[in-house]
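2 protein chains.
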Amino acid sequence: MHKKYLVAPGPTPVPSEVLLEMAKPIIHHRTVPFEKIFGEVLADLKWLFQTQKDVLILASSGTGAMESSVVNTLSPGDKVITVEGGKFGERWTEIAKAYGLTPVVLKVEWGTTCSADDIKKLLDANKDTKAVLIQACETSTAVSYPIKEIAEVVSKTDAIFIVDGITGVGVDDIRFDEYKIDVLVSGSQKAFMLPPGLGFVCLSDKAWKMNETSKCPKYYFNLKNELKNHKKNTTAYTPAVSLVIGLKKALEIIKQAGLANWFKKNAVLAEATREAAKGMGLSVFAKMNPANAVTAISLPEGIEGNKVPDIMQDTYGVTAAGGQDSLKGKIVRIGHLGYIDPSDILVTLQRLEWTLKDLGYKFDMGKGLASAQEVFYKNKTLFQ
Amino acid sequence: MHKKYLVAPGPTPVPSEVLLEMAKPIIHHRTVPFEKIFGEVLADLKWLFQTQKDVLILASSGTGAMESSVVNTLSPGDKVITVEGGKFGERWTEIAKAYGLTPVVLKVEWGTTCSADDIKKLLDANKDTKAVLIQACETSTAVSYPIKEIAEVVSKTDAIFIVDGITGVGVDDIRFDEYKIDVLVSGSQKAFMLPPGLGFVCLSDKAWKMNETSKCPKYYFNLKNELKNHKKNTTAYTPAVSLVIGLKKALEIIKQAGLANWFKKNAVLAEATREAAKGMGLSVFAKMNPANAVTAISLPEGIEGNKVPDIMQDTYGVTAAGGQDSLKGKIVRIGHLGYIDPSDILVTLQRLEWTLKDLGYKFDMGKGLASAQEVFYKNKTLFQ
Chain A
42 MHKKYLVAPG
52 PTPVPSEVLL
62 EMAKPIIHHR
72 TVPFEKIFGE
82 VLADLKWLFQ
92 TQKDVLILAS
102 SGTGAMESSV
112 VNTLSPGDKV
122 ITVEGGKFGE
132 RWTEIAKAYG
142 LTPVVLKVEW
152 GTTCSADDIK
162 KLLDANKDTK
172 AVLIQACETS
182 TAVSYPIKEI
192 AEVVSKTDAI
202 FIVDGITGVG
212 VDDIRFDEYK
222 IDVLVSGSQK
232 AFMLPPGLGF
242 VCLSDKAWKM
252 NETSKCPKYY
262 FNLKNELKNH
272 KKNTTAYTPA
282 VSLVIGLKKA
292 LEIIKQAGLA
302 NWFKKNAVLA
312 EATREAAKGM
322 GLSVFAKMNP
332 ANAVTAISLP
342 EGIEGNKVPD
352 IMQDTYGVTA
362 AGGQDSLKGK
372 IVRIGHLGYI
382 DPSDILVTLQ
392 RLEWTLKDLG
402 YKFDMGKGLA
412 SAQEVFYKNK
422 TLFQ
Chain B
42 MHKKYLVAPG
52 PTPVPSEVLL
62 EMAKPIIHHR
72 TVPFEKIFGE
82 VLADLKWLFQ
92 TQKDVLILAS
102 SGTGAMESSV
112 VNTLSPGDKV
122 ITVEGGKFGE
132 RWTEIAKAYG
142 LTPVVLKVEW
152 GTTCSADDIK
162 KLLDANKDTK
172 AVLIQACETS
182 TAVSYPIKEI
192 AEVVSKTDAI
202 FIVDGITGVG
212 VDDIRFDEYK
222 IDVLVSGSQK
232 AFMLPPGLGF
242 VCLSDKAWKM
252 NETSKCPKYY
262 FNLKNELKNH
272 KKNTTAYTPA
282 VSLVIGLKKA
292 LEIIKQAGLA
302 NWFKKNAVLA
312 EATREAAKGM
322 GLSVFAKMNP
332 ANAVTAISLP
342 EGIEGNKVPD
352 IMQDTYGVTA
362 AGGQDSLKGK
372 IVRIGHLGYI
382 DPSDILVTLQ
392 RLEWTLKDLG
402 YKFDMGKGLA
412 SAQEVFYKNK
422 TLFQ
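Line by line, the protein sequences are chains A and B. The working numbering numbers the first residue of the first sequence as 42 and each following residue consecutively. The working numbering numbers the first residue of the second sequence as 42 and each following residue consecutively.
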């Protein structure tokens with residue numbers, strides 16, 4: 042009897058109610074019962090994306106939805122600004138290059154953010170920019186970008202603002218319509234509390250307008266075709282039926298909590314995790330704008346940092362994430378989005394303390410837990 | 042207590058053992074336990090595809106896998122032969138056009154097949170053909186194409202042979218290596234007994250060679266990148282974890298049955314369905330090469346044919362499929378691939394008889410059942 046905990050920044054745990062819903066006998070997608078579910082899910086997604094526009098559901102992981110946002114709005118040769126402050130920013134540049142666009146790369150030191158002013162300067166210097174591509178949360182560094190402020194800058198130009206909200210939607214208060222975002226992308230295995238396999242994408246009128254002249258080739262990810270089908274509560278190609286059925290249940294859980302509480306929960310868990318890090322004598326990797334979806338804790342010098350996620354998982358049953366690429370062995374990342382509450386974070390911190398002690402790091406055991414506990418208790422009404 | 046039956050040509054029913062496997066708590070994909078499962082699944086897929094080459098798993102439905110087979114081997118301007126004997130043949134042409142290829146379309150009367158000689162003549166007249174694209178089974182008309190014979194013809198040219206085996210793999214004895222097929226595609230919601238959401242694609246050396254010079258843009262469906270990752274029992278982007286876990290269980294069920302028995306089962310169910318149609322005084326839509334995955338029965342003149350699938354489903358609890366496009370109201374399609382056995386087909390035929398009677402068709406009730414029964418009993422050892 043070793044209980045397991047999943048606190049990666051995705052996949053996130055799936056509630057039993059959702060797992061059991063998906064374990065019901067499969068139904069056909071071209072039927073009234075499925076189309077009814079699909080219609081309800083689409084309405085709930087609009088609520089979560091805070092938009093009157095249609096949110097499209099793709100049978101793909103988040104990267105597929107990212108690709109769809111590029112190939113449905115842009116054309117080969119188009120100049121785009123990509124913000125590279127981590128691994129997922131680099132992915133935008135890679136997708137842009139794969140489709141023959143011309144990326145202007147804004148390099149951001151990993152662990153820091155960029156400002157709306159940085160983007161404004163780049164846009165002023167590149168008047169022919171067709172799109173700005175960014176993450177809401179750069180999951181590899183656990184830093185958030187100022188989406189609202191950047192959206193305001195981009196909305197005053199002819200460029201569209203494409204946001205990878207894979208670990209942003211359902212985590213932070215990202216108001217698609219109000220902020221004037223043009224494309225917002227997400228994926229099922231994050232705040233949506235589902236297994237991976239669904240991508241989401243929402244386009245503004247400005248983005249749909251660009252779709253009319255977009256020359257990038259597309260077929261499976263043809264969003265205009267999907268929109269036409271979604272309007273009839275169906276999809277162009279076979280949808281991932283069981284995940285859509287699970288999504289209905291998951292969205293009901295989020296609706297029951299309420300959007301404001303749901304966002305607040307993530308923020309409180311993030312704050313508790315950051316305070317715990319300090320309590321253990323460690324620092325948060327993000328020098329500014331630490332994310333609410335995931336916290337990256339810098340590991341102490343002098344211990345074998347690359348062993349931290351392995352020991353936490355293999356010995357102590359908690360699956361967190363290590364660092365990627367240049368951050369390997371330097372950080373441990375603890376996700377607190379989706380179906381994660383103070384109990385999961387408390388156990389995670391307990392096992393992180395055990396792991397650090399095992400690896401020879403000198404600190405007062407329990408100090409991390411105590412620091413988190415203060416934050417939790419202050420916000421305990423959220424969890425009653 | 043109204044039991045439901047799903048006998049569409051996909052999605053097909055998912056065995057409870059598989060549903061329960063997928064209902065277990067989700068695990069992270071970058072872990073030893075998942076990579077072990079992934080490795081086992083890849084080995085089993087090779088067995089099912091009858092190949093020594095790698096079978097790649099994509100988080101997409103079958104159409105995504107079809108697109109991947111085109112964009113990873115071909116380049117804009119390339120001439121390709123597509124065989125249009127139904128809706129899915131048309132899909133090959135549409136994908137080819139979306140990526141700027143030049144399709145030479147072989148029009149095949151719906152309900153009939155083409156011969157290897159037809160393909161040979163077209164290849165002789167178009168020496169610069171880079172690929173021949175076809176279905177193993179054209180699901181919209183329930184006709185099979187002679188894959189083995191066509192593969193032999195294509196293998197003697199520089200062109201590659203791309204086969205949509207979405208309702209072929211795991212249904213018919215399609216030997217990837219022995220037949221010299223170059224690309225074989227399938228999808229999880231068919232013979233694999235899973236919900237939709239996984240695409241499969243397997244490439245020959247000849248196809249991988251063409252990958253080196255392929256200029257179609259790709260990112261999410263970059264198979265070279267996937268191959269590199271699959272070799273390490275992982276994927277480039279987040280895989281559909283729960284479906285992969287279900288796949289392991291589903292492939293175990295097929296292995297336990299044995300490949301020959303599994304293929305035979307589909308053939309027997311198909312034969313029984315065809316005999317039942319005759320017993321009801323109806324004809325099979327396929328004038329030649331009726332498929333083993335699905336049977337299309339031509340509906341009698343003078344009844345409201347478009348009501349048949351609806352009554353079968355809404356009144357009698359059996360979800361079959363109607364005709365698509367020009368075949369709407371003309372046929373009913375009964376799938377017998379995947380987790381379907383004589384009990385499902387028997388019930389389906391019972392409800393089809395009820396439905397036809399309700400709609401005023403004059404025939405001897407029970408004759409269809411009796412005709413099927415003879416075929417089942419002759420092959421009963423398969424089901425013991």
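It is possible that part of the hints are untrue.
Each pair may be met inside one copy or between any two copies, as identical chains are not told apart.
As a list, the in silico DMTMM-like pairs of lysine to aspartate or glutamate whose alpha-carbon atoms are at most 20 Å apart [claimed, not checked]: (1) K77 / D355; (2) K273 / D366; (3) K250 / D169; (4) K259 / E135; (5) K265 / E345; (6) K138 / E62.
Don't read these hints as lab results, they were simulated from the structure.
To see whether the hints hold, each was checked on the structure:
no., hint, in the structure
1, K77 / D355, "between (43 Å within a copy, 15 Å between copies)"
2, K273 / D366, "between (44 Å within a copy, 17 Å between copies)"
3, K250 / D169, "within (17 Å within a copy, 39 Å between copies)"
4, K259 / E135, "both (17 Å within a copy, 10 Å between copies)"
5, K265 / E345, "neither (50 Å within a copy, 34 Å between copies)"
6, K138 / E62, "neither (41 Å within a copy, 40 Å between copies)"
Hints 5 and 6 from the earlier list are contradicted by this structure; the remaining hints agree with it.
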